[in-house]
Structures are given as C-alpha cells and as structure tokens.
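Chemist: Residue numbers (the numbering used here), protein chains in the order written: chain A, 1 to 231; chain B, 232 to 762; chain C, 763 to 948; chain D, 949 to 1140; chain E, 1141 to 1364; chain F, 1365 to 1725.
Since the hints were derived computationally from the structure, they do not count as laboratory data. There could be a bad hint or two in this list.
Unchecked claim - In silico contact screen, one side only, chain E against chain C (beta carbon under 7 Å); selected entries:
| id | residue |
| --- | --- |
| 1 | N1143 |
| 2 | I1147 |
| 3 | S1150 |
| 4 | L1154 |
| 5 | G1155 |
| 6 | I1159 |
| 7 | T1162 |
| 8 | A1163 |
| 9 | G1166 |
| 10 | P1193 |
| 11 | A1210 |
To be verified - Simulated pairs of lysine to any residue, SDA-like, Cα-Cα distance not exceeding 25 Å:
| id | chain 1 | residue 1 | chain 2 | residue 2 |
| --- | --- | --- | --- | --- |
| 12 | B | K262 | B | S423 |
| 13 | E | K1282 | A | I150 |
| 14 | E | K1303 | F | T1551 |
| 15 | B | K668 | C | E932 |
| 16 | C | K867 | B | E321 |
| 17 | A | K205 | A | N17 |
| 18 | F | K1501 | D | V1139 |
| 19 | B | K705 | C | I884 |
| 20 | F | K1387 | F | Y1593 |
| 21 | A | K215 | A | N12 |
| 22 | C | K928 | B | E302 |
| 23 | A | K213 | C | Q812 |
Note that the Cβ used here is the ideal one computed from N, Cα and C, for glycine as well.
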Amino acid sequence: MSDTNYNEISKNGLWNNNVALVQLLGLCPLLAVTGTVINGLGLGMATLLTLVLSNAVVSLIRHWVRPEVRVPVFVLIIASVVTAIELSMNAWLYELYTVLGIFIPLIVTNCGILARAEAFASKNSLLPSMLDGLMMGLGFTFVLVTLGAIREILGYGTLFSNAHLMFGDMARNWTWVFVEDYSGFLLAILPPGAFIGMGLIIALKNVIDTHNKKKQTISAAQAVSASEATA
Amino acid sequence: MTRSSRQLWHFHGGLKLESNKAISTQSPIVKARLPKRLILPVQQHIGEAGALLVKKGDKVLKGQAITQSTEYVSAPVHASSSGTVIDIDEYPAPHPSGLNTLCVVIETDGEDKWTELQPTHYINTKSPAELRQLIRKAGIVGLGGAAFPTAVKVNPGPQAHIETLIINGAECEPYISCDDMLMREYATELISGCGIIQYMVSATHCLITVEDNKPEAIKAIQAVINEQALHTIEVVSIPTIYPTGGEKQLIKVLTQKEVPSDGFPSDIGLLVQNVGTAVAVHKAIVLGEPLISRIVTVTGEGVKQPQNMEVLIGTSMSELIEQSGGYHDDACKLIMGGPMMGFTLQTDHLPVIKGCNCLLVENTPEETPATMPCIRCGACASVCPAQLLPQQLFWMASSKNFELVQDYHLFDCIECGCCAQVCPSQIPLVQYYRFAKTEIWSQERDRIKSDHARVRHDFRQARLELEKKERAEKLRKKKELLEKKKIAEAAAKNDTPETEIDPKKAAIEAAMKRVQDKKAAKQNNNTSSDE
Amino acid sequence: MSILIAIIVLATISVFFGLLLGYTSVKFHVEGDPVVDKIDALLPQTQCGQCTYPGCRPYAEAIAAGEANINQCPPGGETTMLALSELLGVEPIPLDSEHADDPEKTVVYIDEQTCIGCTLCIQACPVDAILGAAKQMHSIIESECTGCNLCIPPCPVDCIHIIPVKIEPETWRWSLPESTDTSPKA
Amino acid sequence: MTEYALILISTIWVNNFVLVKFLGLCPFMGVSRKLETAIGMALATTFVLTLSSICSYLVNEFILEPFDIMYLRTIMFILVIAVVVQFTEMIVHKTSPLLYNVLGIFLPLITTNCAVLGVALLNIQKDNNFLESVFYGFGAAVGFSMVLILFSGIRERIAVADVPNVFQGTAIAMITAGIMSLAFMGFIGLVN
Amino acid sequence: MNNKRYILVSGLILGLFAIVGTALVGVTHQVTADKIIDNERLALLRKLNQILPSEKYDNDLLHTTISLDADDRLGQKETSTIYIAKRGNEISAMIFPVIAGKGYSGEIKMLVGINIDGTLAGVRIVSHKETPGLGDAMEIEKSDWVLGFNGKSLNEPAENKWKVKRDGGAFDQFTGATITPRAVVQAVHLCLVYFDRHKKELIEKYNKQVKLSVSNKKSGEPVK
Amino acid sequence: MQFKTASSPHIPQQNSVQGLMFKVLLAMVPGTIAMIVFFGWGVLINIILASVVALSAEALMLWIRKRPIKPYITDGSAILTACLLVLALPQLAPWWLTVIGTLFAIIVAKHLYGGLGFNPFNPAMVGYIVVIISFPKEMTQWVPPLLEGYTQLTFTETLSIIFGGDLPLAYTWDAITMATPLDTVKTQLGLELSINEIENHKEYGGIFGSVGGFGWEWVNGLFLATGCYLAVKGIIDWRIPAGLIAALLVLSNTFALYDYASFTPPTFHLFSGGIMLAAFFIATDPVTAATTTKGRWLYGAGIGVFIFIIRTWGAYPDGIAFAVILMNMAAPLLDYYTMPRAFGHSWTEFPHHHKTDDDDE
Ligand SMILES: Cc1cc2nc3c(=O)[nH]c(=O)nc-3n(C[C@@H](O)[C@H](O)[C@H](O)COP(=O)(O)O)c2cc1C
Ligand SMILES: Cc1cc2nc3c(=O)[nH]c(=O)nc-3n(C[C@H](O)[C@H](O)[C@H](O)COP(=O)(O)O)c2cc1C
Ligand SMILES: Cc1cc2nc3c(=O)[nH]c(=O)nc-3n(C[C@H](O)[C@H](O)[C@H](O)COP(=O)(O)O)c2cc1C
Ligand SMILES: Cc1cc2nc3c(=O)[nH]c(=O)nc-3n(C[C@H](O)[C@H](O)[C@H](O)CO)c2cc1C
Ligand code: SF4
Ligand code: SF4
Ligand code: SF4
Ligand code: SF4
Ligand code: FES
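Just chain A, with the same shape it has in the complex (with noise of 0.2 Å):
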C-alpha cells in the first residue's frame, strides 16, 4: 500500500467501515456508557486518543515484531496507552472517571483498537496510521455521542446534562431541558434500550446507504441516457 489515499481512509473510518456500526467491535463500552452525551463523549475521546496513539506506536514499530509475539506487543502498547489515559483522567477528570468506570480500562479489549493495529497500522506507515486512527476514533465516537443523544432524550428528556463532568463548572448550565418535569421513559436507559438503541442506528444508516446508492444508480442512469440523448 504505497499510494495512500486519505479521502478514502477518512470515509472509510467515518463512514463506510465504521467501527461500531459496521465493523460491530467496541460495542461493550458504546452499548454500556451512552445513558448521557457527555459518557459517551468522554469515552469517545479516550477512545480516540487511544486509537491514535496506538496506531502510531503499532505503524512505528512494525518491522520488528514476529508474528508469534505480535499480539503480546500489541496488548501491551495498547495497555500501556490505556493505563496512562486511565490515570490522566482519573487524576483530572475524576467524576467522569468514576461514571465510566471498568470501561476505562476495558479500552485495551475494544476490538477494534487491536483491529486497527493489526489491519491497517502494522501494514501502512506513520501518518496514515496516525489518520486512520483518527478518523476511525472519530466514527466511534460519532456513534457514541449519536447513541447518548438518543438515550438521553428518551430516558431523561435532556440533553448534554452532566457537562461539567467533562468541561468543568462552566458548563453545568449547558444541558438542555426538553421537557420540563419528563417522567422518564426508562427502557432507554436501562440495558435493552441501548441494544435497541443501536439496532435502530444500524437500521438508519442502511436507510442512508440505500438511498444513497439509488441515487448514484439513478444519476448513473441519467447521465447514460443523457449521453445517448446527445449521441
């Protein structure tokens, strides 16, 4: 893989091969954190940086390893990551530390950093492992926040409520109350709602790639028939 086309990397993470939605690895942290935006961010971010860190480190490093110790080294880069961000937040962000619990630590088995390393960063070089990682933590958080959106709405009819647990006193105004006195619809937030939660996304984003697709294939149709129109 000598050219490197960072459009396609960028779509890829974002869209089309999209960790959560179509790769289906990380979903323990994505399904058991998102009761609020703010979760799912913080872990989203984590997760990022974790992403990019280790491919980085995995890219940098990846003529030397032999395949028998590749996964231990691999682990092991991701774990030493994970740890020193554990222990970043749990020094500075010590509330949203306490929220996210075990699924800090539980970073270094989200598949699909390991899938990362192992896939793309063990055969590309530095900076496109570094994007990769990038837009892949993107996509993944992408569907974190989209999931706490949903459930937050649904379960507590709020919206970027516990702010401040991320950004600081500052932001313990910014949540956004929708209805005022909402009594809660409680299956949103509780474990069958994140699944169903999440079928529903997946569900969405096949929409979006249906119509997507037949509108290619129709404007494909249409410039053919435009073209034999002139001919």
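Chain A is already provided as a structure; the job is to place chains B, C, D, E and F with the ligands on it using the hints.
Modeler: Positioned in the frame of chain A, the structure of chains B, C, D, E and F with the ligands alone reads:
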C-alpha cells in the same frame, strides 16, 4: 385364520380423507377402444432407458419388444398393438415438467395381432431365476406408483431372506379405484400372481392387504382363497387411513417394524408389491403376455362418466376422457395419479404410461384462503407419517439451506401431502420439498461435474507446466547437444543416449511433438487468416 | 524507585513470556491452510475468470485471505454464494446486479461447417473440452464443457455458439412456489 | 457453599455479562450467526474466562500487591491473558487438530473480548478470594455461553425470516439482543 | 542454534516493549498519584458534606473515624466506619453507614448523619436495587423525599409515627411503592435508636482512640 | 385444452390462519367478560384502544413493507396480540401506556422480524415488558375487584382517568387502586409475615377469596375452561399448558410443604394473576413456542419454572411475561435438540448432537 385374529399396529399421523371412490366403481371395468396411434415413451420407469430395437417404418406386432434393457435397473417397452412405427422422436411426456421425451409412435393397423407368446404352464418347472428373467423380459414395473422394475425387486439378493410377501391393495388415495376394481374382477389372476411371486422369493406367507372401505374386493379375494383352500395366502383388512398404502406405513401397520431409512423392505424380510403388479406377473408367466396394458381410473368432478378402463399403454389420455363422456364445462385441472400425490398435466394429449393409475379431472374449486406464512402451529408434524418436522423442512427449503434440510431428513419424506393438507397457512409444502430434492440432486450433479472439471483443469495446468519445462529443457538439450556434438566431433565419436527406451523420455518426446503440431497449427492459422 | 521495580517486574515477566511464546512457536509449528481447499471445492470450477481472478483457485485463495467478497462468481450464482456464506459463517451478500439468480447453464457448440480447425479454441479451453487437430474441424465434448465461453473470443471465424444445456425430465427441477411474498426470503 | 451458588446465579442470570453488564458483546454479535460456531466460541470462552480469573487472581496476589504496583494491573492482566491464550492456541493447534477446529480458531478472538479483562478487573474490584474468583469467572463464562448459544439459535431462525431490508443482519440482531436483555430484567432482585 | 536465537529474540522484543510501556505508565503514575488520592478523598468528603455541610464541623472528617463491628441493628454484616464531626473539641455529629435490608428488591445502602443532640442531620442513599422509576425516588437526584428526614429525631415525630403514612405514620410513601420508603424509614429509625442507646459508648470509644494516638504521637492522626 | 398446474395435494381444504385466530379470540371472550365484571370498564376501553392501535400499526407496517394488507389485517393476529396485552395491563393504565405497549408489540416485536409467523418473541409479552420496566408506577394501577369498601368507578370516570390522566375529584389513587393479591402476598412476605397472617390480615384478607384472590379465581377458572376446550379441539397443543401447570404445581407444592408459612400455596399460584391466560393463550402462541412434542413439554415446564422463580424471589410480582420471553429464547434450541426420531431412523443417530453443559432448557 380369520381376518380379525391378526393384530395390527398404527403408524404416526396420517389422515382420514373422504374416499370418493364410489363414483368410479358403479360400472365394471371397460376396455378402452383401440386407438389410431400409440405413443410409447422409452423411459417409463425408474432406472435407465432401454436401447431401441426398432426404427422408423418397421412393422411391429402386439407384445413385440421395442426396447431392450442394457442396464440392470431397467425395463423394456413393448408395442401395445400391432402396426407401423411412424416416428421416433421427442414428444411431450406425462411428467410434471411437461418436457419432451423420446417416444416411439406406432400407427395401429386395427388387427391387434399378437406376437408369438410363450406361456409357462407349470411354474414349478422353472427356477426363480428363470421366472425373474421372464418378468424382466415382460417389462413389468411396479404398478403401485413408483414404476420400479419388478424383476429387480423380486431379486433381493443372496443374503436377504423374504419371509412375507405383502400384496398392497390398500389404495389409500381418494378417487382412485383401479386396484379395487382389479381385485373384484381379477381375484383369481391376482391369487395366481401372488403364488408366483411367493414362489420366486420363497416367502412363507403372503398377506393381501385391503383397506376396510373395499368390502367387495375383500370378499372376492377371500372367495378365491377359500375356493382354492390356500393356507399361506391371507387377506387382511386394514383401517382406512391415508397413506396406509405407502410401503413403509403398510409394513408398520402389519408388523410394527420400520423399514430402516437407508434400507429396503427386504432388509427386514419383506417384499411389497401392488395388486396390479401381481396380476401383471400372472399374465407374464402364465399367459406369456408382456406389460402392454393397465387399468386406469378416469374420475373426478370434472369428467362426465367416471369409470375404470383397461387401457393399452401409449393410448392418448384425451381418448380416455372422450370415452368417459368428456369434460364438464368447469373442468380445470387434469391430474395423473390421485389427488394427494398426483401431479397436474398441462394438456391431455399425452400417452398413458405404465405408472399411470388414475386420471383425475377436477373442477374449479371455491376460493381458498390465501397462502400465509408458516405460523409453526405444528399441525403438519402431527400428521406426518414419516415422523418428520415438515415446517422445519419448509423453512430450510425455502431459505435454500440444502444442508440442514437433509439433516432434517428431507429424503425420508414420501411426498404424501398430509402436511400440506392440514396446513392452516395453505402453504404448498410438498412443492418446497420437491424443489429442495431436485435442487439437491442437481447440485450433486454439478458437484460431480465441477470435481471432474477441476481434475481436468489441474491436469491441463500440469501439462502446460510440463510443456513449458520441456521446452526449456529441449532448448538446453539442444545447446548441450550442440556442444556435445562439437566435443564429439572433436573426439570423433558418437553417442546416442536417446535411444534408450525411457517412458519419461517417450512422454516428453510425444509432448514435444504435440507442441510442434500446435506451432504448425498456429502458423497455419496465421496463414489462413492472412488469406 | 517504584518505577524501577515496576519495570523490572514487568520486563522479567515479559521476557519470560516472550521466550515461552518463541519456544512454542518453534516447537509447535503447523503448516497449511485447509480453508482454501474447502472454498475451492465449492466453486464451480468453470475457470472463467469473471470473478476477476485467474480461475477458481486464485479466487478461493483471495476469499480465504479476506481480500475478495463471496459474491463475485457469476457461474456459481446464488447457490455458491450461499454455500460460501455458510462455510465461512458470514452474512450472505446479494450477487452483483445482473446475476441476481442462478444463471442458466450453458455449453457451447462449434458450427462444424464454418470451423477452420485453427486450434485457437483448444488452447483457450481450461478443461480440454475441445477435440480436434490442426486443420481439422473441431468439436466440443459436451459432457466436459463447463460453459465458460473462454473459447469464443479467440475464434477467428466466430463459429462457436452458446446453447443452453438441455433439460430432460430426469434433470428437471421443481421451482419454488410463486407466491413468495408471504413466504420467507431466500 | 450458598455463597458460591449465589455467585453463579448472579453471574449467570441476574448480572449476565452480556445482557446486563455489557461485556463481551463483540464476539456475542460476531460469532452467533451459526449455532455450531457459537457452541465452539462458548466452550473456548468458558475455558479462557475461567483461566483468566485464576491467572489474574494469582498475578494480583503474588505480583501486583507484593510489589505495590496496582496501577499496572490492566497491563499485567491483559499481557498474561494474551500470552496464555496464544500459548494455548499454539499447543492445541499442534496437538489436537480436532480440538483446534472446535476451539482453537476462536482463541485469538478471545483476547480482545472485554469479558476476559472485565472478569479480572471485577474480581479485584469485588475483593474476591481465590475460590470466589474461580466461581465468578466460571459463572460469567456460563452466562456468556448460554446467551450466546440461545442467541445463535434465534439468529438462525431470523436469518430465514422476512425481515425488512434495512433491518436485515446486524440491526435486527441488536434488537433481538435488546429483547433478550428485556427478558433478563425479570431476574432483578433474585440475588441481593 | 538458529531456533535458540529465534526464541531469544522473541523474549527480548516482548521485554523491550514491556520496559518502554511500563516506563510510560510509571511516569504517568508518579505524576498523577497524589492527585488521584486527593480526588478520592474529595469525592467521599463531598458525599459526607451533603449530609453535613462543611460549615457544621471543623475537623478532618475523613480521618476522624471509629470502626464498628458488624451490627444487625445497622444492617451491617461487616466492620464499618463511622465518621465523627467535631466543632472545636466537641463532637457535633456522627455519620453512620446503614443498610436497609428490606427494600423491595434488595439492600439499600445509605449514610445517616445524626447530630449529637439526636436530630437527623441528613440521610443519603449510597446504592440500591429498587425498581427504577418507582423505588428510586429516594435518591436525592430523583426527588426531595430524603430531605424529609432532616431535623427529625426519635421523638419528633413520636415513636409510633416512625412509619409511612399508609401504615399510619408521618412519612410519605411514593405512589405505587410503599415498600421502599417503609424500609428506609425503618432503617433510619433503627439507626436513631442505636445512636440513642450507644451514644456514650461511641464517644468513649472515640476518646480512647484519641488518647491512644496522642500518647503514641501527635493528635489528629487516624486511628485504626 | 390447457389445464392449470399446481403441486399436490389437490384437495381443497378450509383450514386457515384466520379461522384459528378467531377461534382463539372467541375462547377468550368469557374470561374477558369476567374481567370486565370484576375489574370495571377499564378493561374494555383499553381493549378497544389497543385493537385500533394494533390494526393501524399493522396496516402501516404492511404498507411500508409493501406487503398485501388485506389478508394480514384480517387474520386476527394483531387483535389477539392487542387483547392479550391489555388483559395483562392494569385496568386503569393510561392511554399512552397502552399505545406504547401495543406499538412496541406490533412494530418492534412483530414487524421488524417480518410480521406474522416470523417473530421469535411473543409480541404481546414484549409490549408488556417494555411498559412494565419503563413505567412501573403506572403499572401498579390495578383496581380492586368488586369488593366491599372500595369504590367502583363508572364508565365515564374510567374513561376520563384513562384518557385524561386526572382523577375525578372525589378520589385519590390510593383509594381506587390497590396491589394485586400476588403483589400483596409478595410484599407482605417480604415483611416477614406468614401466609396465614396475610390471609387473615384485616386489610388484605378480603381480596384473597377462596383460592386465588377475589375475582381472579373466576377469571382464571373461565380461561381454564375455554382453554381446555381449545386443547380438546386441537387448536392449541395441550402439552404446553400441561407442562406449565405441572411445573408450577410441583415447585409450589414442594416449597409450600417445606415451609408453609413463607411460600405461597399452590392453589394461589395457579389461580392468581394471569396463569391460566398465560398457560392456554399466551404460552401457546404457536409462532413463538417450541414445535416438537418433547420441546413443547419442556417449553411449558420452563415457563412454569421461571414464573415460580420470579414470583418467589424476583422483584416483579408476576413473572409470566419474562418467563415466556425467556423460553421464547430457548425455543429454537429446544426444537433443535428434541427433533423427533424420523421414521426408519434409530433413536441414537441424531446427526449433530453437540450437547454442551451451558445450554439451558
Ligand atoms: C414492576 C413492579 C416494581 C415494583 N417496584 C417497587 C419498588 O421498587 N419499591 C416498592 O416499594 N415497591 C415496588 N413495587 C411494589 C409496589 O407496587 C407495591 O404494590 C407497593 O409497594 C405496596 O403496595 P401498597 O402501596 O398498596 O402498600 C413494585 C411493583 C411492581 C409491579
Ligand atoms: C433407486 C432405487 C433402488 C431400489 N432398489 C431396490 C432393491 O434393491 N431391492 C428392493 O427390494 N427394492 C428396491 N427398490 C424399490 C423400493 O423399495 C420401493 O419398492 C419402490 O421405490 C417403490 O416404492 P413406493 O411406491 O412406495 O415409492 C428400489 C427403489 C429405488 C427408487
Ligand atoms: C404415500 C404413498 C401412498 C401409496 N399408496 C399406495 C396404494 O394405495 N397402493 C399401492 O399399491 N401402492 C401405494 N404406494 C406405493 C407403495 O409404497 C409401494 O411402492 C408399492 O406398493 C410397491 O409395489 P409395486 O412395486 O408393485 O408398485 C404408495 C406410496 C406412497 C409413497
Ligand atoms: C393459540 C394462539 C395463541 C396466541 N398467543 C399470542 C400471544 O400470546 N401473544 C401475541 O402477541 N399473539 C398471540 N397469538 C397471535 C399470533 O400468533 C401472534 O401475534 C404471532 O406471534 C404473530 O406473528 C396467538 C395465536 C394463537 C393461535
Ligand atoms: S401446518 Fe403449515 S403453518 Fe402449521 S407448522 Fe406446518 S407448515 Fe407451518
Ligand atoms: S409430504 Fe413429506 S413431510 Fe409432508 S407429511 Fe408427507 S412425508 Fe411428511
Ligand atoms: S467466476 Fe467462478 S467459475 Fe469463474 S473463475 Fe471465478 S470462481 Fe471460477
Ligand atoms: S469448450 Fe469453450 S465454453 Fe466449453 S469449457 Fe472449453 S472453453 Fe469453456
Ligand atoms: S468491546 Fe467488548 S468485546 Fe468488543
């Protein structure tokens, strides 16, 4: 031994159906008129088609063989009447596909003149093997539906010992009454046929099983048995439950034994033959007549005069309908066989074949409810005589999961139609099974073919590889040779190692020749395209 | 100090693990990839190259390596795709537009009047299904022909024609019932 | 004894790893299309999860705590797990092709199964003793296996259903998991 | 020979990365360690402060504790920690960890703050398994219900009114859910009773500890 | 002459899905009337509401999915779903609760899977679980059965409660609603009262009736009777209710014998809550149940066991819906592992019998 003394068992499932046989049993069997033309498909049975013995223009006599078996599982076809072969070509076959098949067309001369027959008067003078040969020559196939060559069936092999011969007169399908009428009118011939088969397979018993809705037939047979004071032949009245006439179900009812899924009745010491087959055996041995006619029930709400007819094989169905008063106006479906298992035909311009026991004409049915998705109600499973899970077969077949569908024992399905008959969702289940079965067979053929192709491809690759190597080798050798020659010339000596007969070398040489040929061809080609 | 301890502990353990894995990978080395064979066995062996690979086996290798989708073989049609999805445990993918259903099986025949015996078709046929020698008219062994049509382009006089494989009552297949809108999807 | 039974009930039913705790979802979604593979995965995971519970307990007890390097627990656990898994895979691959076909091909996948690291971390969080750790790991594995196998049974059924196009595949699988998780809500309160 | 080198290299690679990784994490740890400990302390303190605002005491609440053996009356099956608030040198309040065992679906863990005069300083739920949307109204985030305990004491309301209204008491229940509030009220009541009976004992115990540690070293140290 | 072609069999038959569903609906009528009599108009109002919503949702989904609308809309399955859902809801459930439950049942649990015949989970029960976990407060609004000392609401009052959401001025929630007998027993047992004490409790005693709770025993009795009729007619498979009731009986008897004071007596288990409705009308939903003979026994028994476990130790007073969905989950495997022996096959040859200890039944 009285009938009631015999203990009977049940098979799982089954249906009580309205029998509708009475409409065609009012009058005795009618002989169909001799048709102008007879169309005889050369393949009317399970197994291989025979080789043709006649050609266009040949004169044939009634009972003269027009094909001859070349394989073991095969049966010859005979001219059903005397006349001239006017065509040998593809004609529509009485087959659900409606496709054409190779047929011999005979224009009858009206004389209906028999070829020379060789009756056997004293059965005991012949060995079973000789009798089997006669049956084989007579082209007898099972008349109970499957049309499996009878000569094969009555030869269960040296290991198998047939204890009991079961003569199947159940005729469990509604509407059909040909066996019923046959048993009533040909009871003596039937008993004679039973005796012959019993002798051939050295069975100690013979049970003639008749459903209890055919009391006249039972009476007729019993009368003959009593009259001849036979001790080893017994007529058994069995409850009327569809499909008790199915070979395996019948055996279960009579003996409680189950024929192993991958086995034959002979594996458990039994042989099942249809009553019509028994009569045909009688005719073949005692009269020397080959199988050229059979009894066909022409019946149904769509035909004016339902009746049973004795029909020459090859007669057009349209003539039978005509002789039965023709169609009612609302006739809409023509079925060969019974309503449960028979298949529809697109047209009536088709010949009657050996396996054709019934022509059923249905009129337009009332509006039936629409087909709905399977709701897994399990009604189908509760009636399946093969103890399968029809709904699972259906799900697997419709999703084309041909592997799993076999794990669910698709091939144990006897296509009896019970499941479809009770399905509240009105799903044409049997068609799904037939689809899956034919698809699996087709895939099997494809697989064999693709394996074959792979071998040939690999072989070709190897050959090309070899040729390439050889070419390189040849080049090298040439050089070597040249050098050697030089050396040799220098040494003024000659050496010819190539003359040694080494098979490898020979092959190489042959290959080289081929390459040269090809090159030549190429040049040729070039020149020809230059022109 | 505490960092040093940490590093020493972890490094020791890691080196040990590395040695362990290195040792096992040497001692318990296994070769071969039976998956390719299994995939290859499912492909129709038409060797037509429509999958964009030079023949069935290369395509099988590509699938096994995760480089190719399972829906690229038109001669195999839906059946093959489904079989592959079953084998590999992946979601079935619809075939590329045109070949939505199982294609009709075809073979070719050579119009013997026009054939000039150039042998070009013989060289093109991947399964040696064409008989004939130079300057003699050629003919197809129908039972060997896989219908790949590779022999058609090379023919200088266009004497090779495609015909459907003849269906006999014995090879005829029942179709799925028509009213499929209420029955499960394929 | 009852406490161990309660641990099992809790991990299998009440706090099912997959449906309630959200651990191990990737293999849950990934290898549940066919019953057979699901069973293979279930066996392999049961093996690894129990093993990882044991390993992590030992690592914690004899390395992390004595050296006071608790903050390295994630690295340590995942390293040990990865190595043990890979080691097992190589051994199985060589020694028993049969077992490899059943289990081995799933083993590498398991390293990146959250449940495996999760069980190690949760054991520490809960201060489980050795036996409790073993039961906890085993219970979690059984819970995982059970829902995985049930799920694959349903997915085989859904695969032949007339699911609307946009929901085919993973979308409907997610919703199915959601309904399963709904059903597991019924066990709330079984174990306090 | 070759194999041996191969094996060795494998080990070294893994070891090398371990060193690098650990170094990274180790450094991070050094940088963050203090902050983390601080955070944890602060978090607990914040919770305690909800019950007992910081202006109500002036000691180091987190480090002024006594430990208590398992006691059924507080629902505790293990040793627990009581936080002691002081104003000047006087003990002003105590915060008890209490477990209500009879919730609708399991234990309800709470903190109960009692002023030294026997009035309730405040009650907070730490964790519970009640039905979301029904029994969870006792969480301060969901409703103000727990605030109703503030200022109550054993005699206010009267002993026989320490029940939910449905049972003829003084405390509201939640619509459709009586069990949960019943359990909480009961547990708080039990805690008050406990405090009433054992106040002296507890104070003595604390004083003894202080003495001990004073004699050992300087004052203010946490005593185990 | 050209003839029509079709696959065999060729005998027209009159079984239909529609007929099946309507027979089941008919069999539900007596029990439903009893519910209306004992628990007021709320039942009827909600049934009508849910049916309208269910049919509209069904039509909408069929239209979106481009499926023929008429055969499905008239098949009766949507109405059946609606009725069964409503019978499980409290009578004063506000309209939006009924609507959400029904929509979930029809759209998510049924049509996302392909509609009639394809849904792996019982739609009505999915709808029920969704509302009970989402709106537990509203799900406790059961009215007391025709009982002295409790107010009976009129039709218009009921209507205004359901649609308006507010109480008529004269009432409080606590006056017009009460816990169901099951709930009461559960909560009182939780307070460590003995069964005897609960039965003789001044406040609760009245609602127990003689076997399963006042009113409930009639409702259950009628469902039992019509259910048996369906079973005799072969419309439902008797093995499922038999397995369910047997399992429940065995378990409750065993525990009651072990400790009469703290385990609910068997009669009460059987005749309180929706057991008979569940056994004969819900567990028997053919689409989502196991299909093999043995599988159906196990399926029914499994539901019984889960009901007992959830009732006795779980947080929800009645575990029917959870138990049904849990066993729905197991149905495909039950079918797979209880395949009957096909004719001519031996018992031992099941082709792919990988039993694992993890697979539950
Ligand atoms: C699904 C469900 C969940 C419940 N959850 C709770 C709960 O969390 N807390 C509670 O006190 N009661 C809960 N209950 C039981 C109450 O509804 C019960 O009827 C009430 O607490 C006691 O009845 P009472 O208000 O008539 O005294 C629940 C009931 C149901 C049906
Ligand atoms: C391919 C094939 C092979 C058969 N081979 C034998 C055989 O070797 N011995 C035998 O007794 N019957 C044999 N049969 C006959 C069957 O046992 C059975 O009688 C025949 O298929 C007709 O049964 P049916 O009308 O119930 O379908 C064979 C049938 C088929 C189709
Ligand atoms: C469902 C079913 C029903 C059958 N019913 C009859 C029947 O009523 N009478 C009959 O002779 N054969 C019937 N057969 C065919 C028998 O199974 C068996 O093939 C036949 O009796 C063998 O005799 P043959 O070889 O002489 O035809 C039926 C087969 C099937 C599959
Ligand atoms: C005997 C019987 C029981 C049924 N029980 C239910 C049920 O419990 N819940 C439900 O939604 N539909 C029930 N139905 C209707 C229908 O089968 C159901 O909606 C399907 O699951 C829809 O695909 C039942 C139907 C029959 C015939
Ligand atoms: S009878 Fe029809 S609807 Fe019922 S299970 Fe069988 S195939 Fe399905
Ligand atoms: S057609 Fe096949 S599946 Fe259906 S009842 Fe008959 S044997 Fe069983
Ligand atoms: S398209 Fe199919 S048949 Fe053709 S070469 Fe490729 S795999 Fe073979
Ligand atoms: S003859 Fe032609 S079409 Fe047939 S296999 Fe050979 S190249 Fe292919
Ligand atoms: S993120 Fe948990 S298993 Fe993949």
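Chemist: Determine for every hint whether it applies to the structure shown.
Modeler: Outcome of the hint check:
1. N1143: holds (5 Å)
2. I1147: Result: holds, 4 Å to nearest chain C Cβ.
3. S1150: holds (3 Å)
4. L1154: Nearest chain C Cβ about 3 Å off; hint holds.
5. G1155: With Cβ-Cβ at 4 Å, under 7 Å, it holds.
6. I1159: At about 5 Å, which falls below the 7 Å cut-off, the nearest Cβ of chain C leaves the hint on E:I1159 intact, so it holds.
7. T1162: holds (4 Å)
8. A1163: holds (6 Å)
9. G1166: holds (4 Å)
10. P1193: Violated. Min distance 38 Å.
11. A1210: It is violated, given that the least Cβ distance between E:A1210 and chain C is near 36 Å, above 7 Å.
12. B:K262 with B:S423: holds (22 Å)
13. E:K1282 with A:I150: Within the cut-off at roughly 21 Å; holds.
14. E:K1303 with F:T1551: holds (16 Å)
15. B:K668 with C:E932: Holds, at roughly 12 Å.
16. C:K867 with B:E321: holds (21 Å)
17. A:K205 with A:N17: holds (12 Å)
18. F:K1501 with D:V1139: With a Cα-Cα distance of about 23 Å, the restraint between F:K1501 and D:V1139 holds, given a limit of 25 Å.
19. B:K705 with C:I884: holds (23 Å)
20. F:K1387 with F:Y1593: holds (10 Å)
21. A:K215 with A:N12: Given that 25 Å is the threshold and the Cα spacing comes to 20 Å, the pair holds.
22. C:K928 with B:E302: holds (23 Å)
23. A:K213 with C:Q812: holds (23 Å)
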